[in-house]
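Model the full assembly from the supplied sequences, consistent with the hints where possible.
The chain contents come next:
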Amino acid sequence: MTRADLAAIAPEVLLAAAGCLVLLLEAFAPGLRRAFTALSVLAAAGAGWLAWELAPGPAFGGLLVADRLTAVGSLIVLSSAALALLASQGYLVRERILGGEYHALLLWGACGMLLMLRANELLTVFVSLELLSLCLYALAAFDRKVVIGSEAAIKYFLMGAFASAFVLYGIALVYGATGSTFLEPIADSLLAGAASPWLGTIGILLLVGGFGFKMSVAPFHAWAPDTYQGAPSPFVAFLSVAPKAASAFVLIRVLATVFPEALGTRWPAVVASLAVLSMVVGNLLALVQKDLKRMLAYSGVGHMGYLLIPLAGLDLGPAGVSTLTAAGAGSSWTPVLVYLAAYALMNAGAFAVVGMLYDRPGEQHLISDLSGWGYRFPLLGLALTVCMLSLGGIPPTAGFIGKYLVFLHAVEHGQTWLALVGVATSIVGVFYYLRVVYVLYMKEEVKAPAAGLVIDGWGKAAVVLAALGTLALGIFPAWLLDLL
Amino acid sequence: MATVLELLLGNTLTRLVFFPALAALPLLFVRRDAVRFVKLYTLIVSFAELGFAVQYAAAHLVGGRFEAATDGAFPWISRYGISYHLVADGISQPLVLLSALLLPIVVVASWRGIERHWREYAISLLLLTTGVLGTFLAFDLFLFYVFFEISLVPMYLIIGIWGGERRIYAAVKFFLYTMVGSLLMLVALLWMAWSYASLAGEWSFAYADLLRLDLPLGVQIWLFAAFALAFAIKVPMVPLHTWLPDAHVEAPTGGSVILAGVLLKLGTYGFLRFALPLFPHAAEAAKPLLVGLAVTGIVYGALVAWVQEDMKKLVAYSSVAHLGFVMLGLLAVDLIAWQGALVQMVNHGLSTGALFLLVGMIYERRHTKKFADLGGLARAMPVFAFFLVFSALASVGLPALNGFVGEFLILVGSYRTLGWPVVVATFGVVLAAVYLLKMVGDTVWGPVRDEANRTVPDLDAREIAALVPLAVLMLWIGVAPRPFLEPSRPALEETLARYQARIEAPAPEVALVRAPEAPVGVAEVAP
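Residue numbers (our numbering), protein chains in the order written: chain H, 1 to 484; chain D, 1 to 527.
What the hints contain is simulated information worked out from the structure, not anything from laboratory work.
On a predicted model such as this, the values are computed, not experimentally measured, just so you know.
For each residue, glycine too, the CB sits at the ideal point set by N, CA and C.
There may be inaccurate statements among the hints.
[Claimed, not checked] Just a few of them, taken from the derived set where beta-carbon distance is under 7 Å, the chain D residues facing chain H: (1) Arg79; (2) Leu190; (3) Trp194; (4) Leu199; (5) Leu217.
[What the hints assert, rightly or not] Pairs of lysine-lysine, DSSO-like flavour, derived with a Cα cap of 30 Å: (6) D/Lys370 to D/Lys287; (7) H/Lys290 to H/Lys447; (8) H/Lys447 to H/Lys145; (9) D/Lys370 to D/Lys438; (10) H/Lys443 to D/Lys438; (11) H/Lys145 to H/Lys155; (12) D/Lys370 to H/Lys443; (13) H/Lys460 to H/Lys145; (14) H/Lys145 to H/Lys290; (15) D/Lys313 to D/Lys370; (16) D/Lys173 to D/Lys287; (17) H/Lys443 to D/Lys313; (18) H/Lys155 to H/Lys290; (19) H/Lys443 to D/Lys173; (20) H/Lys447 to D/Lys173; (21) H/Lys290 to D/Lys173; (22) H/Lys460 to H/Lys447; (23) H/Lys443 to H/Lys460.
So this is what it looks like as structure tokens:
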């Protein structure tokens, strides 16, 4: 390990150290508990800065890579972490579970994700996957009083363990077929025809399945609604975005190794069918949900379907197969990253509002409970409306720009039919997102807000940042596009 | 930054479009019970907006004709050749002026009619104005699409929050119908931009660039279908009109006025500006179908209006018939018919707007819109009766009022190119007289069916103030139409010449982009 290697993992080191610090303070200076949120957000911001300043290129002998795309990916993960942390303060106080473990686990989870999205080697991918997964399992069960929360965490853990096993087995098979765990040699070996095609194919299918699970792509989505419903809402703002972003990076890299034409046209078909299935299943099931968190979970399945559209016509720009730099205008990275950024903002905003407006976690979060609350909570109502419109893909919001780029990518790559499927399911989506808006503003109040709600400055800050960010990205998308 | 300020402070289209939205921002911080302040503020803003629109139009009315005016094109998402480019020409100016005129009228008319959440109402109204003005002025198709969609949300809120009993159903239906069409249009638009990019080697969503794209007929048909569907839903053309009666009946008065006066014009404007000029060959091929639908709409709308027992429903169906005339004129592709269609768009906004206002006024007093409860109102409400008869006659197309000018020009112009279907459409004029006079007869005249009708208070000064400008314009256009027709002529002539030059040559076998300077019709194959 050289000095340069150490510098290359500075963001991760900072996050891990901040997590330890919070944990130590929890043990030795519990009086400082209320400062943990500020401390962890600062750590996330610092890590973001470090990730942005990271020297491009490989580190640890090629185990990790860094470039502009991973920098943007890191920022997406970290802003989602920061928004979740901000939104958590009031929630943790209200539920009387404020403690350093929460912040530490969240920071470590983010650390695992940063590693994973920069990993260029399959075992590194696996190790970082485990790091982030264990943190997320624990966080899902963080509110021990809530029975349904433990149930959610157990479901997530059992299925997640299966998925991890899939990933590991896939890695083993790919290694058996090609003799390497580094992505470029795998691609070369597959291209050269030296590898056993069956072993390699099964291995990569297993990998796709494993990461499809983390991204809650249909048909690997069954865990998401139950877990979202039971887990602490502000944490779901993180759970529903950041692991998906990191997994999308790995998925693109893995797919890039098998997409060259020499390997036939079946891979695009596999990804396209996953995309269609996710869009259809996610949106249709979201349509019938009465529980806001479950609705957002299914809608998230649909959003991952949209995200897969560019992967079905994977195009990594002029630079070639699996180099990860040089994103041209037609590159698949652009729609994926913009979509993720949009999704991070709008979903975080929505879950932050859910966390503040629904007391008694674990019970149902009925959409109808919000009836007429748009006037009672003008700020939260407006922010939730912006997030819903953005999730529905209505301009001038980030969600629209994301959809625009995804559909444009499909049209550009001769997959107009995928864009049409996307359009059809978007209309279904608009229907249920609008339901939240009309419940907020067009229905008479059916239920007075509970007395114990905590709507604090931190939470409001998270919501306002998410909503303004959604609008800003929708009105000035060039700002993000120019980075890519 | 300096440019932004210059654009916002000068006599520019940017100021015209964004002033209402920016003026809505402070309302977010106003106390919710300061209703009186909110009303006055909104009124001042709406008059200022009308002033800006008039000032801009006056500055670009040269020798009695509107010259094309713009703030310039600014790169917005340069990576995809998307720019912020607003242009006002003879086609958009009348519609912009109409929208700006209806805004203060709607504010005045909503003074008492809107009883709850006035602050939110004002915000929705102002955002809606920004949306529709942007749609009429955008000369970049991406920008157009964005404004087209932006105008949906405030209207959805206006119908859904301040509407009648079935308001949520109506609002959601309105939203979903429009969304279906516009999302397909988005895919078609992306397809066009991509073909342009692959032929010309650079991305562009600019109207002027995409006009140069010459596509094979097979492709044009699909793209035209997507655009036409989006606009036909908005117009609305039969059989896609079913959202309209629901939306109109449930919307509050102000919402109905804007919906009829402005939002429906987004559809006809879309045909005139985009669907026809961009895909002329496909439009020619689809003409029999569309003319058939337009004529069906005229007759069907009139017949359905005839049997209505509710004033608002009747006026709503009359919109279907009137917009059918506008579509007929547009499809005729003839200068006279187009002039008639354009002026008829304005006419419909004035007379139907006035009718909706009047329906709202009677509803505020009697809490009913049914003929069965009305009748004999003329005795207690002579002023109301005057305006109702006046607006109904304008809507019927009585000579010396505005409706006559539009319908006459449309019928004359389209008979030259379309022939016998126009004869059928002419029956629509007769039917309009039947159903509108029936409405007048059943409400202001006839037997007094309810004793309450004898003691209804007549219109007050505020209500008269809202109606007078509309009535004055109806009369003015009817008596002296020239100043309303001539300014738009150059823009219509140019669009028409381009269209005709395009259809003289057959659609190309393979997609190509015509050179910018080459005379229209001369094709040059791009790499």
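How the hints compare with the structure:
1. Arg79: Holds, because the Cβ-Cβ distance from D/Arg79 to chain H comes to roughly 5 Å (cut-off 7 Å).
2. Leu190: 5 Å, holds
3. Trp194: With a minimum Cβ separation of about 5 Å from chain H (threshold 7 Å), the hint on D/Trp194 holds.
4. Leu199: 13 Å, violated
5. Leu217: 18 Å, violated
6. D/Lys370 to D/Lys287: Violated, at roughly 39 Å.
7. H/Lys290 to H/Lys447: 16 Å, holds
8. H/Lys447 to H/Lys145: Judged against 30 Å, a Cα distance of about 25 Å means the pair holds.
9. D/Lys370 to D/Lys438: Holds. D/Lys370 to D/Lys438 sits at ~13 Å (cutoff 30 Å).
10. H/Lys443 to D/Lys438: With a Cα-Cα distance of about 37 Å, the restraint between H/Lys443 and D/Lys438 is violated, given a limit of 30 Å.
11. H/Lys145 to H/Lys155: 17 Å, holds
12. D/Lys370 to H/Lys443: 26 Å, holds
13. H/Lys460 to H/Lys145: Between H/Lys460 and H/Lys145 the Cα gap is close to 26 Å, so the pair holds against 30 Å.
14. H/Lys145 to H/Lys290: 24 Å, holds
15. D/Lys313 to D/Lys370: 10 Å, holds
16. D/Lys173 to D/Lys287: 28 Å, holds
17. H/Lys443 to D/Lys313: The hint holds at about 25 Å.
18. H/Lys155 to H/Lys290: 21 Å, holds
19. H/Lys443 to D/Lys173: 17 Å, holds
20. H/Lys447 to D/Lys173: Holds. H/Lys447 to D/Lys173 sits at ~27 Å (cutoff 30 Å).
21. H/Lys290 to D/Lys173: 20 Å, holds
22. H/Lys460 to H/Lys447: Given pair H/Lys460, H/Lys447 holds - Cα atoms ~22 Å apart, limit 30 Å.
23. H/Lys443 to H/Lys460: Distance of about 24 Å is within 30 Å: holds.
Of the numbered hints listed earlier, those contradicted by the structure are 4, 5, 6 and 10.
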